[in-house]
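Quick note: the sequence shown uses the numbering used here, first residue 87, plus one each step.
None of these hints come from the bench; they were simulated from the model. A hint or two may mislead.
Unchecked claim - Subject to a maximum C-alpha distance of 27 angstroms in a straight line, what follows is the list of computed DSSO-like cross-link-like pairs (lysine-lysine):
#	residue 1	residue 2
1	Lys130	Lys158
2	Lys118	Lys130
3	Lys158	Lys127
4	Lys118	Lys158
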Amino acid sequence: MASNKVSFFLVLCLCILLAGECIESPIFTGNKCSDPTGMDKDGKCLDYCHAQGYPGGSCIGFIDQGYMCVCKVG
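With these hints in hand, go ahead and build the complete structure from the sequences.
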């Protein structure tokens, strides 16, 4: 009975670790977006993220900082 609990716990931990790999994590670059409305019309944020090796990026609004470039992972 104890070995079943240990096996269940190990499988549960493995599932949690694998699920964490699939979640997109944003990478905050600290670069302000040039467009005050938050649109990446000129593609600078996307180009920056591609140059850094990330698959994508976009401008996301923050209350205290305005729109910032955020790269996507995964």
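Going through the hints against the structure:
1. For the hint linking Lys130 to Lys158, the alpha-carbon distance of about 14 angstroms falls within 27 angstroms, and the restraint holds.
2. A distance of roughly 10 angstroms separates the Cα atoms of Lys118 and Lys130; the hinted pair therefore holds under the 27 angstroms criterion.
3. Distance hint between Lys158 and Lys127 is fulfilled; the C-alpha atoms sit about 18 angstroms from each other, no more than 27 angstroms.
4. Between the alpha carbons of Lys118 and Lys158 the distance comes to roughly 16 angstroms, so the proposed pair stays at or under 27 angstroms and holds.
Going down the numbered hints, you'll see the structure goes against none, and every one checks out.
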